[in-house]
Structures are given as structure tokens and as C-alpha cells.
Amino acid sequence: MIRVEFLGPIGKAPIEMEASTLADVSAKLKEDTSLATWLDKCAVALNDTMVNDLATVLKDGDKVSILPPVCGG
Amino acid sequence: MIRVEFLGPIGKAPIEMEASTLADVSAKLKEDTSLATWLDKCAVALNDTMVNDLATVLKDGDKVSILPPVCGG
Amino acid sequence: MELHNGPLDANEIFGRWLDEDMQSNYGAFIPFVGIIRSEDGIDALSFDIYEPVLKKWFDEWQEKAVGRGAIVKMAHAIGDVPVHTSSYISAVFSPQRRVALELIDEFVEGFKANAPIWKYDVKDGKRIYAEDRSTPMDGAGLLS
Amino acid sequence: MELHNGPLDANEIFGRWLDEDMQSNYGAFIPFVGIIRSEDGIDALSFDIYEPVLKKWFDEWQEKAVGRGAIVKMAHAIGDVPVHTSSYISAVFSPQRRVALELIDEFVEGFKANAPIWKYDVKDGKRIYAEDRSTPMDGAGLLS
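If you're matching them up, the sequences are chains A, B, C and D in order.
Here the first sequence stands for residues 1 to 73, numbered as in this note's numbering.
Here the second sequence stands for residues 74 to 146, numbered as in this note's numbering.
Here the third sequence stands for residues 147 to 290, numbered as in this note's numbering.
Here the fourth sequence stands for residues 291 to 434, numbered as in this note's numbering.
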């Protein structure tokens, strides 16, 4: 099981799922219509490190964070 | 009569002279060997406004300032 | 890097940062102080921060700065920050003027683009995501 | 624009400038603090300033800044400034981040090139003109 957290304004509770790569996470999140407007604008962190590759392999207990568009300052 | 002041590190007392243009001032200062190493590096102000033209006309009581290379900060 | 609940005390932060490194033989210290402007009828801006990723982002910048002989510092507010108070201060100490001026520009712009911070307008007690002023982070769209 | 005898009290100046314009609805405040580095065995740097021309130089910059919706401020030390103390602070207030970052860079570089200030190393009680670090002002050589 891995855990997916939605940060900032997405306002969605974390979910747990089985997934062996980020591509699996992508496939599952695309089924969720409440995320339809978010996914193409969001970046992704794995265990708090930004990641850029859908082939990234996941292991039990991993944390995947979904980061929407930012505006600090 | 006009007055010529030498600023900062030049360390030379002000002098008074007759001069109708800045070209006259230039001619007189070039006769002063103590200024030989300064004149080509110095900028000029007339009554505290920077000037760039040797033909600038002077009148009685004018103040010409000689400004050597700067380094504020 | 430091996070504060509510507006920053810019004087306290400036004085403390200066004390920390005034004797470190840097020649230039440039803080950037962000102040909340009164516009569009807002009472305040409000901020969410994801600290673990922000900390890594900051540590990478610190490494870059040190590689150029400089250091960076940063403070940001969490939660509501009323208009005409400060939400964000970043700073550079560097031996040289040029490095300091270039680094503060890059650091502030890099921050705007990739620090994991979300901004909301506070109007009539409501908190509205500032979507139109927000920027997708590097790598956005990976899962889409 | 303000001139002080001896080192600047950076905290006092920062706090006062911030108080003056924190409520003026600017979004960014960037001070540049120049600190005397210990190098080449100097005890201090020392400065001569020709205030009438500096004032005109500053007023022209203020006009430029106002034309871009911003303002500039400046403080400089006269006389001796010991190592690890501050000789120079300039600052920009601007509604926008980009204008602030660009203006502080231009203002500090313009200052270096054309503010009528002369710098001396202070070593073993002697005051030595910092000729090799000095720059002829725009229009230099007119009388040569």
C-alpha cells in the first residue's frame, strides 16, 4: 500500500492504494473525476522529493504528494 | 573671475582664474604639472551640475569642480 | 529557513540575520521583503506551506549559493497575513556586489516558481485560492 | 538621501525606512547593505563625499524610480568606517517584484559608477586613495 496526499487548495483527503509505479498511481487518479482539472497542473513528490518519471518504482509505505500550482511570497 | 575646486584625493587648494569658457580652464590647468596625471581621468561640474562640453560659457562667480575617479559603497 | 504563524516581524528578522553574519566578512547583504498589497478588496492573503519539500528546495539553493561564496536565508508566513504587513523575506550575503545582486534575483524568481506554497485571497472572511496568479511547478502534469 | 558621520546603524535605517513606506502599498522592499570587508590588512575604509552633486544624482534617480511607480532611498557614511560595519545602504520600494529587482541592480551599479564619493584604505593610521578600484565618472577627460 502507498499513500497519496493532496496538498494546498485541492482539499481532498489522502487515499491509500496498491501501486507498483507512478504510472499505476496516474491510472487510478485519472478515474477520480474530482481530480480532472488538477492532474495536468500538478507536480509530484515521492517521500518529499520531487519526481519526474512515471516509471518510478514504489514500495510499501511510500508517500506520494500531489502539488498544485504555487504562489509563495 | 571663476573658482576651480579639486575634489577628493586630488588634494589641491582651490584656485581662481579668468576664463570665458571651459576650454580656457582646460588650457590653464594643463600648464599645472601637479595635475598632469589627473585631468584625463577627471569629470567636471559647473555650479554642481555635471558638464560635458568644452564650449560651455562661464560667467563671473562660477564654480568649476574637478571630480576624480569615484568608488562609493 | 524559518516559518512563522502570521505576519513576519521584518525588523526583528533583519536585525537577527545581520547580527548572524555581519562579522562573516561578506561585503553585501540584500534582503527582499515581500509586503501584502491592498488590492481587489482583500483583507489579507493566506498561505499553506508544505514544509518538507520547501526545506529540500531551500537546502539545494543554499548549496548553490555556497558554491558561489554566498549564503541565502529565508522566512515565510503561514496562515493569514493582513495587508501592509510582510509575508516573505529572503536574503543573500555575498563577498561581491555582482554575485549578491544576481543571486537575490535568481533566488526570489526561483522561489516564486517552485517553492511549495499556496496563496489564498482573504475576502469577507472567505479564503479563495489565488489560482490565476499561481504557477505549475517544474514537472507538472506528470500524472495526467 | 542621508549622510552619516562614521558607520551606518543598519537596523535603525532599515526600521525607519520600512516604517516610512510599509503603509504606502508597495509589494516589495529591497535594501542593499554594503559592509566593509576585512582584506589587505585594512582597519577601515574612509570616504569623502561631494554632497551637492550627489544630491542631484540622487534626485535624478528618484525621478526615474517614480516614473516606474517605485521610490529609492540611500544612506552613506562619511569618514572612517571600520571593517565589518556598514558604509552604504540603498533601497527600492516598488509595487512589483520585477521592477524592484531590476531597479535595485541598476541603482547600485549606477551609484558605483557615478556617485561623487572617494574611497580610501585606512592602514596603520594612513589614508590611501583606492585608485585601482575607482572608476572615472561619465564625461571624464573633458579638460585633458
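Calculated directly from the structure, the hints in this document are not laboratory data.
Every value quoted in this text rests on a predicted model; they were computed, and no experiment measured them.
Glycine residues also receive a C-beta, built at the ideal position from the N, C-alpha and C atoms.
Hints may contain errors.
Here are the simulated DSSO-like pairs of lysine-lysine, each with C-alpha atoms no more than 27 Å apart in a straight line [what the hints assert, rightly or not]:
id, chain 1, residue 1, chain 2, residue 2
1, B, Lys136, D, Lys416
2, A, Lys41, C, Lys272
3, C, Lys272, C, Lys258
Quick list of the computed label-pair ranges, beta carbon to beta carbon [claimed, not checked]:
id, chain 1, residue 1, chain 2, residue 2, range
4, B, Ala86, C, Pro228, 41 to 49 Å
5, A, Ala13, D, Glu292, 36 to 44 Å
6, D, Glu302, A, Asp48, 38 to 46 Å
According to the in silico footprint, chain C covers these stretches of chain D (three or more CB under 8 Å from chain C) [said to hold, decoys possible]:
id, region
7, 303-312
8, 320-327
9, 386-395
Now for the hints, and whether the structure bears them out:
{"no.": "1", "hint": "B:Lys136 / D:Lys416", "in the structure": "violated, 31 Å"}
{"no.": "2", "hint": "A:Lys41 / C:Lys272", "in the structure": "holds, 24 Å"}
{"no.": "3", "hint": "C:Lys272 / C:Lys258", "in the structure": "holds, 24 Å"}
{"no.": "4", "hint": "B:Ala86 / C:Pro228: 41 to 49 Å", "in the structure": "violated, 59 Å"}
{"no.": "5", "hint": "A:Ala13 / D:Glu292: 36 to 44 Å", "in the structure": "violated, 56 Å"}
{"no.": "6", "hint": "D:Glu302 / A:Asp48: 38 to 46 Å", "in the structure": "holds, 41 Å"}
{"no.": "7", "hint": "303-312", "in the structure": "holds (count 4)"}
{"no.": "8", "hint": "320-327", "in the structure": "holds (count 8)"}
{"no.": "9", "hint": "386-395", "in the structure": "holds (count 5)"}
Violated hints, listed in ascending order, are 1, 4 and 5; each of the other numbered hints is respected by the structure.
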